[in-house]
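Asker: Listed below are the residues making up each chain.
Protein chains: 2
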Amino acid sequence: MADENSKKLVSVALNHEENENKEDFVDPWNVQSASATGVDYAKLIDRFGSSAIDSELIDRIEKVTGKQAHHFLKRGIFFSHREMHKILDLYEQKKPFYLYTGRGPSSESMHMGHLIPFIFTKWLQETFDVPLVIQMTDDEKYLWKDISIDEVQRVALENVKDIISLGFDIDKTFIFCDFNYIGQCPDFYKLIVQIQKHVTFNQVKGIFGFGESDCIGKISFPAIQAAPSFSTAFPHIFKGKRNIPCLIPCAIDQDPYFRMTRDVAPRINLPKPALLHSVFFPALQGATSKMSASDPNSCILLTDTPNQIKNKVNKYAFSGGQATVEEHREKGGNCDVDVSYQYLKFFLEDGEKLEKIRQDYTSGKLLTGHLKKELITVLQLIVAEIQEKRKTITDELAREFMTPRKLKFDY
Amino acid sequence: MADENSKKLVSVALNHEENENKEDFVDPWNVQSASATGVDYAKLIDRFGSSAIDSELIDRIEKVTGKQAHHFLKRGIFFSHREMHKILDLYEQKKPFYLYTGRGPSSESMHMGHLIPFIFTKWLQETFDVPLVIQMTDDEKYLWKDISIDEVQRVALENVKDIISLGFDIDKTFIFCDFNYIGQCPDFYKLIVQIQKHVTFNQVKGIFGFGESDCIGKISFPAIQAAPSFSTAFPHIFKGKRNIPCLIPCAIDQDPYFRMTRDVAPRINLPKPALLHSVFFPALQGATSKMSASDPNSCILLTDTPNQIKNKVNKYAFSGGQATVEEHREKGGNCDVDVSYQYLKFFLEDGEKLEKIRQDYTSGKLLTGHLKKELITVLQLIVAEIQEKRKTITDELAREFMTPRKLKFDY
Numbered sequence: 001m002a003d004e005n006s007k008k009l010v011s012v013a014l015n016h017e018e019n020e021n022k023e024d025f026v027d028p029w030n031v032q033s034a035s036a037t038g039v040d041y042a043k044l045i046d047r048f049g050s051s052a053i054d055s056e057l058i059d060r061i062e063k064v065t066g067k068q069a070h071h072f073l074k075r076g077i078f079f080s081h082r083e084m085h086k087i088l089d090l091y092e093q094k095k096p097f098y099l100y101t102g103r104g105p106s107s108e109s110m111h112m113g114h115l116i117p118f119i120f121t122k123w124l125q126e127t128f129d130v131p132l133v134i135q136m137t138d139d140e141k142y143l144w145k146d147i148s149i150d151e152v153q154r155v156a157l158e159n160v161k162d163i164i165s166l167g168f169d170i171d172k173t174f175i176f177c178d179f180n181y182i183g184q185c186p187d188f189y190k191l192i193v194q195i196q197k198h199v200t201f202n203q204v205k206g207i208f209g210f211g212e213s214d215c216i217g218k219i220s221f222p223a224i225q226a227a228p229s230f231s232t233a234f235p236h237i238f239k240g241k242r243n244i245p246c247l248i249p250c251a252i253d254q255d256p257y258f259r260m261t262r263d264v265a266p267r268i269n270l271p272k273p274a275l276l277h278s279v280f281f282p283a284l285q286g287a288t289s290k291m292s293a294s295d296p297n298s299c300i301l302l303t304d305t306p307n308q309i310k311n312k313v314n315k316y317a318f319s320g321g322q323a324t325v326e327e328h329r330e331k332g333g334n335c336d337v338d339v340s341y342q343y344l345k346f347f348l349e350d351g352e353k354l355e356k357i358r359q360d361y362t363s364g365k366l367l368t369g370h371l372k373k374e375l376i377t378v379l380q381l382i383v384a385e386i387q388e389k390r391k392t393i394t395d396e397l398a399r400e401f402m403t404p405r406k407l408k409f410d411y
Numbered sequence: 001m002a003d004e005n006s007k008k009l010v011s012v013a014l015n016h017e018e019n020e021n022k023e024d025f026v027d028p029w030n031v032q033s034a035s036a037t038g039v040d041y042a043k044l045i046d047r048f049g050s051s052a053i054d055s056e057l058i059d060r061i062e063k064v065t066g067k068q069a070h071h072f073l074k075r076g077i078f079f080s081h082r083e084m085h086k087i088l089d090l091y092e093q094k095k096p097f098y099l100y101t102g103r104g105p106s107s108e109s110m111h112m113g114h115l116i117p118f119i120f121t122k123w124l125q126e127t128f129d130v131p132l133v134i135q136m137t138d139d140e141k142y143l144w145k146d147i148s149i150d151e152v153q154r155v156a157l158e159n160v161k162d163i164i165s166l167g168f169d170i171d172k173t174f175i176f177c178d179f180n181y182i183g184q185c186p187d188f189y190k191l192i193v194q195i196q197k198h199v200t201f202n203q204v205k206g207i208f209g210f211g212e213s214d215c216i217g218k219i220s221f222p223a224i225q226a227a228p229s230f231s232t233a234f235p236h237i238f239k240g241k242r243n244i245p246c247l248i249p250c251a252i253d254q255d256p257y258f259r260m261t262r263d264v265a266p267r268i269n270l271p272k273p274a275l276l277h278s279v280f281f282p283a284l285q286g287a288t289s290k291m292s293a294s295d296p297n298s299c300i301l302l303t304d305t306p307n308q309i310k311n312k313v314n315k316y317a318f319s320g321g322q323a324t325v326e327e328h329r330e331k332g333g334n335c336d337v338d339v340s341y342q343y344l345k346f347f348l349e350d351g352e353k354l355e356k357i358r359q360d361y362t363s364g365k366l367l368t369g370h371l372k373k374e375l376i377t378v379l380q381l382i383v384a385e386i387q388e389k390r391k392t393i394t395d396e397l398a399r400e401f402m403t404p405r406k407l408k409f410d411y
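The listed protein sequences correspond, in order, to chains Z and Y.
For the record, in the first sequence the residue sitting at position 162 is 162 according to the UniProt record's numbering, with numbers rising by one throughout.
For the record, in the second sequence the residue sitting at position 273 is 273 according to the UniProt record's numbering, with numbers rising by one throughout.
Bound conformation, chain Z alone (with noise of 0.2 angstroms):
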């Protein structure tokens, strides 16, 4: 999985009738947004061809498992869809799936944007009760980057930890470094070669933009992310079985990798995976890009110190405000642009008290200090907790949810 910048692509615009300058930008290496209110996601949904989910969805999730809908997609921030009525249809049915995930382990320490995906997978896998599968492309990580396989290595080990750091049940979770899991399981490499035969350099092209001086390994990497996606990727968890299908929560920059996946599906026997696609988290100056943990400006990161992230809120999160009290008082702010308000739509809970923040925004009742002040207590609260577990979290630990190895479902 990819969320850094590494080569520039050019955008194949599918709707002609925009102008090219204000198409948005959107693949695994590159979002570029065209507008400061950021991506242009229901154009996105036409794109890409995935489903936008409706309340018809949200409330079918509700009425199936009997639980409260996350915020996240009451709030539009899972916001579209891959066939995730298949998936109700199996839960339904008692029938089994799974969940998969993953994280390309570029930089030391995750950013709060980076947790998106695992905080709404944790919600998934504890609503469903299902196994999850987490990959950690630390072979992508190689061929795009300018590091070493042992830093690679040490990066992913201290990003396994993080990840495991919010909560999730080893008993029913497996997480894998590709550099060590494709060596320990040769029904996975099987699996990648399988895909590799069945798409071709202009299918990569055409999907993610490679060109004929790209090296071979990012060539070919696209089947080891795609791989995961069928369940013969993982004998000790699925002893063989070939048809248990998976669903993919993500942001919608791997869409393209599940694409290709999709239409490898079929022609090699195995079922499509279903996919739940999440929006972008915004960089601390604006919602025109994605965070970066190489800037440590644009985003909170999860080894921050409160001091650091009430620093940080005050000095670089974008304002929707206006220019002075007067005029923010007569005016209001404008929740769409406002990094803070955005943040607090990731993660402030509680639904009546983020509303009333929103009117009281807009009309110009409260101030952006005072917003930022909100958004500083519930980040530094949840990065608290998060540190706090972090602690407990050894190497050994961390090697125990890396070890292929049976979980607590029956096949």
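I should point out that these hints are in silico values taken from the structure, not numbers from a laboratory.
Just so it is clear, the structure is predicted and the values come from calculations on it, not from any experiment.
C-beta: ideal position from N, C-alpha, C; glycine also.
Be a bit skeptical, because a hint or two may be false.
Claimed, not checked - In silico negatives: residues of chain Z with every beta carbon more than 10 angstroms from chain Y:
| no. | residue |
| --- | --- |
| 1 | 56 |
| 2 | 198 |
| 3 | 212 |
| 4 | 222 |
| 5 | 272 |
| 6 | 298 |
| 7 | 365 |
| 8 | 382 |
To be verified - In silico lysine-lysine, DSS-like type, Cα no more than 30 angstroms apart, as pairs:
| no. | chain 1 | residue 1 | chain 2 | residue 2 |
| --- | --- | --- | --- | --- |
| 9 | Z | 272 | Y | 145 |
| 10 | Z | 239 | Z | 86 |
| 11 | Z | 241 | Y | 74 |
| 12 | Z | 95 | Z | 74 |
| 13 | Z | 205 | Y | 145 |
| 14 | Y | 272 | Y | 74 |
| 15 | Z | 172 | Z | 67 |
| 16 | Z | 172 | Z | 241 |
| 17 | Y | 408 | Y | 94 |
| 18 | Z | 67 | Z | 406 |
| 19 | Y | 272 | Z | 145 |
| 20 | Y | 67 | Y | 161 |
| 21 | Y | 310 | Y | 353 |
| 22 | Z | 145 | Y | 241 |
| 23 | Y | 373 | Y | 331 |
| 24 | Z | 172 | Z | 272 |
| 25 | Y | 74 | Y | 43 |
| 26 | Z | 331 | Z | 74 |
| 27 | Z | 365 | Z | 312 |
| 28 | Z | 43 | Z | 63 |
| 29 | Y | 239 | Z | 145 |
| 30 | Z | 205 | Y | 205 |
| 31 | Y | 86 | Y | 241 |
| 32 | Y | 205 | Z | 145 |
| 33 | Y | 145 | Z | 239 |
| 34 | Y | 205 | Y | 172 |
| 35 | Z | 205 | Z | 43 |
Please build the complex by placing chain Y on the supplied structure of chain Z, with the hints as guidance.
Answerer: Then chain Y, alone, in the frame of chain Z:
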């Protein structure tokens, strides 16, 4: 390692003064000779940029080892090399190196042509007393042919048993199939990705003629054949030592893989492999192409009965003799195109006898029927011996050869 046609490539004729139609074509999947006497090997040395194995090198091999050079060397069957003198330097200095060869397991039974690199490798191993690794590229065959993974793995095991029948020493030889070994050895996978990071699509396009409609598995495969050239691929043998050089005996059509490997080596701080190249083994029908196991009438299979051998040689072996006995007595035969004589060059160890046959056939004293009879006797003997040994090779023994383990050498 590939030995069968699967795609047509455009010959990159390096010798521009040459008439295009007269240029031999040689790559890992196709060998097309422009003349009835077969490929022009001197020209190939020029084009590939390797060095001829001359009498000076052969003398030096005999001098440093104190042993007679193999008749494959004396008769020009192994005719080209890269840096063999460096390997002899190491041997003189009692420094370690190892041997690497391989095979693409494409057909149930191997044919006599497949034996050439293995017969010579066995002699090298016995002469220099060094470890040998043998790669079975079952993944390559799956990618290039219309065959299932299960089937290619089954065929690979049969081929491994054929190879073991030549008498390799289990204490000094590690045989591995990619589909298993890559899933057993994280260090091997890491090395493959390292190589894949340092080779572009443009490079494999230039070297192997890959195109945009080729699958990404083919495009990234060359790294997998390159990887065993480096001792880090075998931590169980070399304990992670990075600097143990490799000598690769192979047919000249495999050289493109190792030119690429030698290009990459300095960029990943590993030693370039040395090479010894053989000529192609001609089809029964003539020296203009390689034998192919997919046409049983073009080759002597290791499973052929004495009668089948006799019939195939009598019926199909292209003759350099004249149309009638009288004409033959008068004008003599042409050893350069006579397949029976060519085969005797490979398999009749007695050099004096071979020379007498050559003289008598050339003068017309020896008739084609008698020449064929000599060959039939030689082939029947060799094949019977291998078949006898083959009966004793159990699946279990083959799996022992294929178990990653320490060999009888200390590093």
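Asker: Say whether it holds or is violated: residue 272/Z keeps its Cβ farther than 10 angstroms from all Cβ of chain Y.
Answerer: Fine: 20 angstroms to the nearest Cβ keeps residue 272/Z off the interface.
Asker: Next pair to validate is residue 205/Z with residue 145/Y; report whether the Cα-Cα distance is within 30 angstroms.
Answerer: holds, 24 angstroms
Asker: Would you say residue 212/Z is clear of chain Y, with no C-beta pair closer than or equal to 10 angstroms?
Answerer: violated, 5 angstroms
Asker: Is the straight-line distance between the alpha-carbon of residue 373/Y and that of residue 331/Y 30 angstroms or less?
Answerer: At roughly 21 angstroms apart (the allowed maximum being 30 angstroms), residue 331/Y and residue 373/Y satisfy the hint.
Asker: Keeping to a limit of 30 angstroms between CA atoms, is the pair of residue 67/Z and residue 406/Z held or broken?
Answerer: The hint holds at about 28 angstroms.
Asker: For the pair we were handed, residue 365/Z and residue 312/Z, check the Cα-Cα distance against 30 angstroms.
Answerer: Between residue 365/Z and residue 312/Z the Cα gap is close to 24 angstroms, so the pair holds against 30 angstroms.
Asker: Does residue 239/Z lie within 30 angstroms of residue 145/Y when you go C-alpha to C-alpha?
Answerer: Judged against 30 angstroms, a Cα distance of about 28 angstroms means the pair holds.
Asker: Straight-line Cα separation of residue 205/Z and residue 205/Y no greater than 30 angstroms?
Answerer: holds, 15 angstroms
Asker: Decide if the proposed pair is consistent with the structure: residue 172/Z and residue 67/Z, CA atoms, cutoff 30 angstroms inclusive.
Answerer: It holds: about 20 angstroms lies between the C-alpha atoms, which stays within 30 angstroms.
Asker: Take a quick look at residue 298/Z and tell me if its Cβ sits farther than 10 angstroms from every Cβ on chain Y, holds or violated.
Answerer: The assertion about residue 298/Z holds, with a minimum of 28 angstroms to chain Y.
Asker: Would you check the hint for residue 205/Y and residue 145/Z, treating anything up to 30 angstroms between C-alpha atoms as holding?
Answerer: Holds: residue 205/Y and residue 145/Z sit about 24 angstroms apart, inside 30 angstroms.
Asker: Please verify that the nearest CB of chain Y lies beyond 10 angstroms from residue 382/Z's CB.
Answerer: holds, 35 angstroms
Against the hints set out earlier in the document, violations occur for numbers 2, 3, 4, 11, 34.
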